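A.B. asks: So you can see what is in the structure, the chains are spelled out below.
Protein chains: 2
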Amino acid sequence: MSNDQHLTEHTTSREELLKGHFLHVVRETVRLPDGGAATREFVLHPGAVAVVPLLDDGRILLERQYRHATKQVHVEIPAGKLDAGETPLVCGQRELLEETGYVAREWAYAFTMYPTVAYSDEAIHIWFARGLEHKGARLDAGEFLEVFSATPQEFLGWCADGRIRDSKTLASALWIQNVLAGTWKLDWQAPPTQP
Amino acid sequence: MSNDQHLTEHTTSREELLKGHFLHVVRETVRLPDGGAATREFVLHPGAVAVVPLLDDGRILLERQYRHATKQVHVEIPAGKLDAGETPLVCGQRELLEETGYVAREWAYAFTMYPTVAYSDEAIHIWFARGLEHKGARLDAGEFLEVFSATPQEFLGWCADGRIRDSKTLASALWIQNVLAGTWKLDWQAPPTQP
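Residue numbers (my numbering), protein chains in the order written: chain A, 934 to 1128; chain B, 934 to 1128.
The set of hints was computed from the structure by calculation and includes no laboratory data.
Watch out, some of these pointers could steer you wrong.
Each pair may be met inside one copy or between any two copies, as identical chains are not told apart.
[As the list claims (entries may be wrong)] Derived DSBU-like pairs: lysine-lysine, alpha-carbon spacing no greater than 35 Å straight-line:
1. K1068 <-> K1118
2. K1014 <-> K1068
3. K952 <-> K1014
4. K1118 <-> K952
5. K1004 <-> K1014
6. K952 <-> K1004
7. K1004 <-> K1068
Only a predicted model underlies this, so the values are computations on that prediction, with no experimental measurement involved.
With the sequences and hints as input, model every part of the structure.
C.D. replies: So, in structure tokens, the structure goes:
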């Protein structure tokens, strides 16, 4: 996968299309591999972190949250956007505490996923967390969600029967299945706990 | 999961934010579960279909494609947007042929995934295809991609080592692993072949 010049596009100009309260969209004109021109429109996003929180009894901590874009309640792992200058680990610690009220003693980076390669530059960094201790949630104003837990068997069953439909949660299920089976390894670390 | 009124938001107004060449973005004002108000911005998308094409020798058909939003080449399963009035199965047949040059004798619906619940209404319907026969690809103008194949072991290894980073492809890997292991079942059908 070394030389991708026959596939790669090069930006020749960029135009701002939208600076909303939340969404930032640009249009770039690109030079195609064959020398032609095309335009690409996409969302600029700071990136995000999602956390797979494993409770000491083997259950997985999950959230139920209404997502207005989809007009549905989704079962998801905890996640949130990176703040400016924040490392993914610190973001994961912050989001886990804010949304679920838990802190975790040990953390392990698993993988990075692009949810929407066609029209967003967002990357989601997925971390596993264990050694959980409950401290109390601190939801943002206007944020409504339910925290609950499920066994890995229940969780994987919901991926199979369509009850789980969120991409970061489904992709993390591949990791959960293989990590719990012992076939994929994580490199656990014990970082300083966030205040 | 029957009564979600304590989580659900209700639209009170909608505003067009962007009608680009490709992206359509709206802002909706919503009434929150506690009676407060908030705004939600998101992409309106027609939906998409992705296909897991299984070759007779057990290999998986894949694509390498540069995705300008991410400035990277991604390994992906074939996929494309639903045309107006098109069923997901017909869309999958069309995209598989256009992008890879293959037709498939048997098809099975696997799952539906929302890539970006936070800011897009896009749903991706994932189908498996087998009984593949090569006819010759018909790429759209300005579309550049490479078609290749991998064993399931190679493919899952690339999910584990970070070489595969596309959400629909990672989520499909969970299905590929469990379908090939025989633990998750698919309901195969033999639809009319597309012309």
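A.B. asks: Against each hint, give a clear statement of whether it holds in the structure.
C.D. replies: Tested hints:
1. K1068 <-> K1118: This pair counts as within: shortest intra-copy Cα distance 29 Å, inter-copy 41 Å.
2. K1014 <-> K1068: within (22 Å within a copy, 44 Å between copies)
3. K952 <-> K1014: both (17 Å within a copy, 26 Å between copies)
4. K1118 <-> K952: Result: close neither inside a copy nor across copies, 41 Å intra and 45 Å inter.
5. K1004 <-> K1014: both (21 Å within a copy, 20 Å between copies)
6. K952 <-> K1004: both (24 Å within a copy, 21 Å between copies)
7. K1004 <-> K1068: Within one copy only: 31 Å inside a chain, 40 Å across chains, cut-off 35 Å.
The structure shown violates just one earlier hint, number 4.
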